[in-house]
Structures are given as structure tokens and as C-alpha cells.
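K.L.:
Protein chains in written order, with this note's numbering: chain A, 100 to 386; chain B, 2 to 164; chain C, 4 to 810.
Please note: incorrect hints may appear among the correct ones.
30 Å max Cα-Cα, derived DSBU-like pairs, lysine-lysine [what the hints assert, rightly or not]:
| # | chain 1 | residue 1 | chain 2 | residue 2 |
| --- | --- | --- | --- | --- |
| 1 | C | Lys-325 | C | Lys-233 |
| 2 | C | Lys-66 | C | Lys-46 |
| 3 | C | Lys-801 | A | Lys-343 |
| 4 | C | Lys-190 | B | Lys-148 |
| 5 | B | Lys-119 | A | Lys-160 |
| 6 | B | Lys-76 | A | Lys-189 |
| 7 | C | Lys-89 | C | Lys-233 |
| 8 | C | Lys-66 | B | Lys-148 |
| 9 | C | Lys-785 | C | Lys-320 |
| 10 | A | Lys-288 | C | Lys-66 |
| 11 | B | Lys-148 | C | Lys-410 |
| 12 | B | Lys-76 | C | Lys-325 |
| 13 | C | Lys-426 | C | Lys-410 |
| 14 | C | Lys-351 | C | Lys-195 |
| 15 | C | Lys-190 | C | Lys-328 |
| 16 | B | Lys-76 | C | Lys-89 |
Calculated from the structure, these hints are not laboratory results.
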Amino acid sequence: MIPGSFEYHRPPTISDAVGLLVSFGDDALILAGGHSLIPMMKLRMAVPEYLIDLQDISSLKSISVEGDQITLGAMVTQAELIASSALSEKCPILQTTSLQIADPQIRNVGTIGGNVANGDPGNDMPAVMQLLDATYTLVGPNGERDVKARDFYETAYFTERADDEILTAIKFTAPAAGHGSAYEKQKRKIGDYATAAAGVVLTMADGICTSASIGLTNVADTPLWAEASAAALVGTSVDEPAIKAAMDAAKAIADPAQDSRGPREFRIHVTGIMVQRAIQQAVKNAQ
Amino acid sequence: MQKLDIKMNINGADVEVNVDSRTLLIHILREELNITGPHIGCDTTHCGACTVDLDGKSVKACTIFAGQANGTTIKTIEGMANADGTLHALQAAFKDNHGLQCGFCTPGMIVRAYRLLKENPNPTETEIRYGISGNLCRCTGYQNIVKSIQVAATELSQQEAAE
Amino acid sequence: MNEQAPISRDERVKKLEGLGSSRKRVEDVRFTQGAGNYVDDIKLDGMLFGDFVRSPYGHARIKSINTEAALAVPGVLAVITAADLKPLNLHYMPTLAGDVQAVLAEEKVLFQGQEVAFVVATDRYAAADGVELVEVDYDELPVINDAFKAMDDDAPVLREDIQDKMEGAHGTRKHHNHIFNWQEGDKEGTEKALAEADVVVEEMITYHRVHPCPLETCGSVASMDPITGKLTVWGTFQAPHVVRTVAALITDIPEHKIRIISPDIGGGFGNKVGVYPGYICSIVASIVTGKPVKWVEDRIENLMATAFARDYHMTGKLSATKDGKITGLSAHVLADHGAFDACADPTKFPAGFFHIVTGSYDIPVAHVSVDGVYTNKAPGGVAYRCSFRVTEAAYLIERMIDILARKLDMDPAEIRMKNFIKKEQFPYNSALGWEYDSGDYHTALEQALKAVNYDDLRAEQTENRAAFERGETRSLMGIGVAFFTEIVGAGPVKNCDILGLGMFDSCEIRIHPTGSATVRLGTISQGQGHATTFAQIVASEIGIPAEAITLEEGDTDTAPYGLGTYGSRSTPVAGAATAMAARKIRAKAQMIAAYMLEVHEGDLEWDIDRFQVKGNPELHKTMVEIAFAAYSLAVPGLEPGLEAVSYYDPPNMTYPFGAYISVVDIDVDTGVADVRKFYALDDCGTRINPMVIEGQIHGGLTEALAIVMGQDISYDKHGNITGGSLMDFFLPTAVETPTWETDFTVTPSPHHPIGAKGVGESPNVGGVPALSNAVHDAFAHKGLTHTQMPHDHWRVWKTAQSLGLTG
């Protein structure tokens, strides 16, 4: 498995990187951790003429937690997300989810920006960003713009990002203190994509669910923000009927294809089970 | 075809190579520098046979381009033995506890275990199993690998305490 | 006369590190330092690299191949196609099964991934660029990927090259896609037994297509020296001498001018028994270019094109009395061999040793019939960590006997106990013609049941089922019992050969004057630790420490001729050769010692590491002393030196056995089957190195887990392989792999010089039914008789759903 030839660039700033993207046009691709792109290049399913490596752009590597405002630079790795105590205190679902991605070596290299930007429905972070209602910052020749994670994904590998834009940061408001969260992922083995996965963040007050948000991974061409599924919990004690309603609502929007993880019917079923288990775990984790 | 000058420090020695920009780190090591301990088992980041320690992190050298590796410090199995030439505690433990059979996964496995024990000097069995979950072995069923890492962890803690 | 203070006999034994010692492996000093030397580590001056253009289709006609653009790539030196090989008569090569296989496709491609052209370039990057630019124009043809449809009247002809050749290597072919029918046993007698039985169970049991997938893929480096005319090939060869002979037969290069070297091999498990187009193409390319040429496949190519295993559709019928005594067994197998019959089996046995299918049971009459067919799948059919088709046989009988137990409402352990061949029946002649050498099955299973507290497990299961019914748990507990008998150590030359070469093996021992030794074998380790364990055999036989013995294998210029390492044959055959060669050494040493001690040979007795005078052990000569004397004393009537060679033709196979018990917990909502416990009792006869044996069992069980729970090489209706990369093909990590418990009994083989039987493959043979039976057992109370492997999440969930458990 040998990639095709390309010209390698390692710009020092975002504007330099955008400049390169503009000048190379469609023939350039951005290289973050590379653990999605490089295998595609080795299979020659991706044959860019130019690769623009973002690793020298230090501003993309910061994790900022100010009050309840969290900003993640696009080049922050999964391993760095896991290691951040500020994040695990404010928003533990990031850590829970990161630990379910690939394996230790890949998490050392794989970045949050790459995970959310490349549009692979198998990636775990997009659904989490949708349930957190995160905003992606895109920088292009015409400056900076923000796109909601919930509006970002069009279909598999196609997103709102224009070819000459770089996803530089992910911003979101941390869920309320005392919230509970969970990310449940069924997979065949370490390193696998999800048969189905569900992330849940919810808050409980006096035994009643006061807010909830649910995201689903790898059960459609895009990540899914399961609005109705979450709504089924709010105002309930998260009892069996409420969970059942949430499961049904999630299954209703799941639209997976058959793959070697199983037929469509099974993957829809597992979607429900993952939602159920993530809700139960999130309730346990809530204060 | 773009050629790049790549400088790295590998196992304590500064090296410089001039390679095509598309050259993968594993091929720089194996083909250009004759460092053949890291192996190629899958090419798709699943098997971990190519694992090296890069700037203090375990990575899979089959999925890193030359340019990305420029300026890094790398340790491979060839640089694992102690300065006096004796086996590192992990190498000795793998040998003493039958932690390998065909030996093909072993360089990647030991280099990964080395970093795991730096990050977590006293791991539980479960932590070890998750810690080496990016490295496949087809021969041992992992049982004696886990045991070897446990033995090495104890040995390294004792060495540390003695210092 | 012996200057040193005497050490105890125990200490002397210990110093040898011989049989029974958990000697640390000598190989590991190199491997732990990255100093292994695998085929892709080999670099020669001017070495080129070859890479394949492969078929994207399962079945298609090649209209044209245009190599122009590829040849224009800088660094690409040649593109070899069938048109280049045909004049050399190398476009087809013989397979181990008496068929031929296309080296490069000529008119048609018959499976996805088939080799079409070989691009030779200065390095692997240029070669890959060349591969991209070879233009092949295809016309797609209808695909057969279902073995049951291969012999339909309107099935397309797959093998046009042998379309008119209805006499195959194993008899008459009855259809253009038929390969052979092979039968053994008493058909009429079996039909009678089935007709007259109280109870008969019947099931179609598929053992799905899997792949050995060693961590190192296959590869070779061929170097033809244009001056001497000598061809040297390094490669991933489990049988280097066989490769040499095949190379001589097909290239016209005399065999003494061919040197085959197996360097370190990164796991084989059967994958590296076959002869592959890559080997041939690297040789041809080296001859054409005058430079060394390397070929190393990548993982996707490995899973697509080099030898698969299993793909047996087995219909079993088992009859019994109403109290559970088995009266007869019939089995019909539809064997999917893919596009070429490249099975690695002894010539006379196109279904390998499948007729060990009566297993560990005293079954009075049996019959098997196997039909091999061609399909649009990759060729192969190797013994993936088992002896030839033994794991298929063990799976069939161990599933069938569970199904019978269920039908009779008997416990799986009880029905096995009732039908076991009894200890006093050995040597036992099976209904299908084997002579089992030794066994004590009742003791082994009793020990196993006791070790796992079997009755407690069953009680726990009863409680689990009640709790499930009460809605308190969504998890079902399954207990899998399997008892297997392997047949390994192929094999006696009278009925075992490959390409006409008898399946003996060999050992040459040279004792050096100062008492160390070099030992050479016809086998080749792929991780089994031969350098460690075979030295232990020699150490015990001739009394010099294992550490003073260097073992060499894998170089045909130096090693004696042998048939290689697969089918657990190294210990039974080469291990025996080693002991026999050592005994020749000892016999000569006894004559030398007698001369040195001035006594009659008959007055001497062997004691650990020396010959001593009977009744006067103070008078002795150690083997080290004798070794020097062999090179320094003129002993009347004896040639100088101390060397021996043995070519061992085993009188029989060996029959290792074992009792495995597993416990799984199945989450009916997700289909996840979690292996909670696995206990493996193995009896491999005399145990050479317990540490190495346990390691082999751990590894084999992990492969069994992979096969049962997920591995699956399948094809879609267009002939595309699905699951052909490590994303999908299940190789468990340390997280999915449970902790294995091992145990043993020792029933030596009566005919093997040291009583050893071989063990490397037992855990795969026994592990698969033990795990599959556990999954079935979890649902047995709901009426499940059988469901096909793999028991991956969705299939297990489907089973639960079909039984109404998923709510």
C-alpha cells in the first residue's frame, strides 16, 4: 500500500495555510493527524497533489476552558483530550468518547479537528459535538465563519466546509454543572467503528430530567442529533416508558446501511439499546 | 517528485535522509536507515507492528509521512537496551516469561509497553490490556505478554526505588 | 579420576535443560532486540521490487493488457504478463493438490485479487505507481460464489483450461466445476445403522471460510546469480525443501543449483505452506533482469489471494440408541476449494484427514463422502492451525454429539463419557480406518469436569435461566464442552506424500570435539521455538546441555531433506528423527566409552550425561569426554568423529487429545458473547517444554476465539470479497481475549521415540467446538439445535430474536 506522489507543505500560520489552499485549489488536502487520510492515500482512494500539514500552527493546539466556555483547537489530539483534567471536570463525555476511539497509538495522533471535519459517519466526535450544540470555526480566504455542528454534515464525506476553508476550532458551552453524560458504543473489537453508538448529556433535578441531548454515531450518512429522543426524557423521571420512548424516537431516525457489522435491522435495534444504556449511565452519573 | 531533507534523532543518533515527500516513516526506518525492528503487518494502522516512540508518544510509523516526522526524536526497539548493553527490563521480561513466539509483533509490542509503563508505572491487568490494544499478536494470545509487562513493571519500580 | 566434586543426579538432569524443562527460549535474545531477520528485512545489492496488478473482478475475461504507461514510469523496468510466461511454460504452476494454478491470468480471471501482471521496479514506490498504470480491459462474467450452485446444470464453466479433462487428480469429475468425490468407510453398513437406530439427528453444519492471517504476510526474494547459474530464494516457506523441488520441476533449473532459505518467519498457521504466484514471479523476474527481486504482499492482498482455510459445508447424521450409545455416523461434505484446487493435503487424501470425524468415540460404523467444487473464490484450503481438515471434522462431530445429547435430553458431558473409546481399547481401530495410538479420555474429561466444578456451573446456569425468565437479567449463560482427538504427524511414507514426496522428516547431529553440537532439521519454526525445544530432545538423549546445542533449519543447502512444519508434524516426525539421530550418536559413544574404560560395551549403562560401568558408577565417561575422544582416539573398528543423521518415517500418526470447557455470557440485546471462562486440558503425550506448550495453547485458543466469534472471508454476489482488511477481519486484541486456563494429562505415544504427540494445533481444533457449543448451549433450553458460525454480534442477536428473546 503505497501512496501517490504529492508536494508537502508545513505552513506556520493559518493564513499561510489558507493561502496555500487557495493557490492549489482542488488538488490540495489538509493533513491533521492523518490517520483517516493517509490510509485513504495508501489505498489511492485519495490522491492529492499537495498536502498541507497543520502541525506547526501552534494556535490550533490549545484547549481553553474559561468558565463554561470551552474552545478546542483543531489539532488537539484525542490523547490530549483524555489527559485534560479541566475538560474531564467540565465535560467528561469528551474523555469517555475519546477512549472509545481507535487505540492508544492512534489517539496520540488523531485530532479532534480531523475527527469532526472529514465527514466520515463512523467518526465518534461529530455526534457528541451535535449533542453539545458545538460551533465549528472555519477560516477561509474571506475570513472566519461559524457553523453549527448540527448544520455541518451534508452526507458521508460532504460537509459545509468549502475546499479552501480550514476548520480551526470547536466551541461549545459546557453542560450545566451536575449533568450526567455517557457514550455507549457497540463495536466488534478495539479499533472498530460503531455498529451503533449513542451519546447522552442530561440534567436531573429532584428526580426529574430537566434537560437532555442525544447524539447518534454511524447509523446514517451523517451523525444524528436525536432531538425527539432527548425530548422524550425531559420532564420525566427517566423511567422505563420514557426510556422506551427515547429509544423508539432514536430508532425512528436511524438509517444505517447493511455492512459487515450486521444488517440494517440489527443496527437500528442496537441504536435503541445504545440509547437506553447511555441514558441509564448518564442518569447514574448525574448529580 | 518533491524530495525532502528529513532530520531526526533516532535512538540517540542524529540522522538525515533525503527522501520523496510521500515516503512513510516506516520505510525511512526500514529502507533508508536499515532499522528493521519495526515491522509492517497490516499497512492500515490496525496491527501496531510498526510502533515506534516519537517525541515521547507511541505512534504507528506506517501512517506518518516523512515531512511529519521531520525534527522528531524517535526510539525504536533497537534503542531499547540499557546503555551498558544489557536488556531493558521489558526485553528481559518478555524473554523470561515467554512473551513472544514468532517475534514479529515483539518490537512494536515492547516499544509500546515501554511508553505505557512511563505513563502508568503500575498498571492493572485491564490497563495493560487496553494499553496494548493497538498491537496485535497472532501467536501468544497476549497472556504471557501481559505477564511480561507486569513483571517488567515490578522490576522497573524496584530499579527506580533503588536509585 | 573425575576431578570435580560430584554433583547430584538431580543437578545433572537440571543442567541439561532437557525434556520436561521450561527452558527459556534461545530465539528471544534476537527477537526482543529487533534483530529478527524476516524476508522483508533482506536487502541485496541492486535488489528490485515486484508488485502485482490484481483482478478487481470475481470472474471476467481479459480482453487486453496494456503495459505502455506503466513501463513509462521512472523506475519501472518490466511488466510481466501471462504472455511472457507462456513460452517458458510458467503461466501455470502445479498445486499441492494435483491441480494447476495460473501464475498470471491468461484469458480469464477467476477470483477477485487474482494475479494478472507483475510490475518490476527499482523500489516498491515505483512498482506501485506502475501497478496503477497497467490498463487491463475486462468483460465481466457471471460469478459462482455459492458452492451449492457450482454444479447446477447451467453453472458457467469456471476452469476452461481443464474443461475437457474429466479425469481429475482424484478420480472422475462429474461436472465441469467438480473437482473430486472422495469416500471412506462402509456406506451400506452406515445406512443400515441409521435406518435401524432408535434416534437419528441430522444437521447441515458449515465451517465458514477463514484465513490464517499470520502477522507477517507472504513474500520472497529471488536472486539468480548469472555467473554461477545458482538460484537462491529467501521466502516465507513452511516447507523449504518442497519449494526447492517444485522450483526445480517447473523451471528446469537443476535442484542442486537451487537454494531455498526460510529466514525468520512471522507466523504461518498454514498460510505459508502453499506455493504462490509471487514466489514464481520473483524468480522469473530475477532471471529476466539478472538482479535480485523482492516480492512482499500487503495485508489486503494476503487476505484476498493467499491461502484461505475451511469453507466446508458438512451434513452429518448421527444415530444412537435411546439411552445415548452412538450406533453410526455419516457425513457428506461439499468442499468449496475456490478457483484452483490448491489444498495442502497429502496426495492420497483430497479431504485431508477429515475421516478422523468419528472423533473420540467408539462408533461402530461410519461413512464419509466429500465433493470438492470450484467457485470464484481464492484458492487455498490450508490447515489453519490444525492438521489437514481435522478441525472441520472435530467441529462436525462435537456439534453433532451436542445435538444428539439435546435430542435425548442428556448432559453433553455424560453422552461423551458414555461413548468414549475406553483406555483399554487402544490401540484403537476406527470405523474409518485410523489406528489411534493411545488415549485415556475418561480420565481427561473427569479431571476437566472437576477442575471447573461442572455441576456447580450447571446449577448456576439453571438459576440464570430462571432469573432470565423472571426478567431479572438479559444475559444467558452457556457452557461449552468439547472433547477432541487430533491426528497429527503426517505421516507414514506408505500413505502420506506431497507431490510424491514421502512425508518423513530428518535430523542431522554433529557433536563437536569439545562437546557442543550443531543440529540441523528439515523443518522450519514460525514461532514454535524449535531452536529451544529440539535442543532439549538432544540434551536428554545424549547428555550435553541444551545450551551447548545450536539448532539450524530452513536452509536447503545445509539442512537435511524434510517436508517442513505444518499439521503439528514437527514434534511427531522431526522430533522423532532428532531422538533417533541422537540415539545413533549414543550408540557410537557407548563403543568409544567402552574402549576408554577398557570394559565391554555391555558392561556400560547410560546415566543422564554419561556411560558408567554397571555397579560401579565411579567409573564413567561423560558425553563431553567421549566427544573429544571421538576426534582424538584411534578406536579399533570405529571411524573417527561423532555425527549422525536420521530420516524418520513414522510408523503411524500421533493422536493428541483434550477436554475443553468454556463458559460464555450472552447479552441477548446486543448479541455480544463474552467468554467468562475457558479451561483447556491437553494431552500431547510427553511434554518437551511445558512453557512452550502453554504458549502454543494460549495462541491457538485465541485463534479459535477469532474464528468462532468473527473471522469471515465472505463474498458478495458480484464476487467481491467482503471483510478483507483488518478493519473487518477479526483478529482479537488483548481486550477481547480472555485469560486461558491450561491443564494436562500425559499419555505418551507408544510408537514415538520419546512419546511426544504434538500440540500446536490442538487448541484450535478443540477451541472452536468448545466455544461454539457454549454459544449454542446458552440457547439450548429454548430449542436451538444449530446456527452457523461466526457467532458475531448480529448473528447471535438474530438467533435470540428467532427464539423470541429480544422483546
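K.L.:
Check the structure against each numbered hint from earlier and tell me which ones fail, lowest number first.
P.N.:
Result: hints 1, 2, 4, 6, 8, 10, 11, 12, 16 break, sorted rising.
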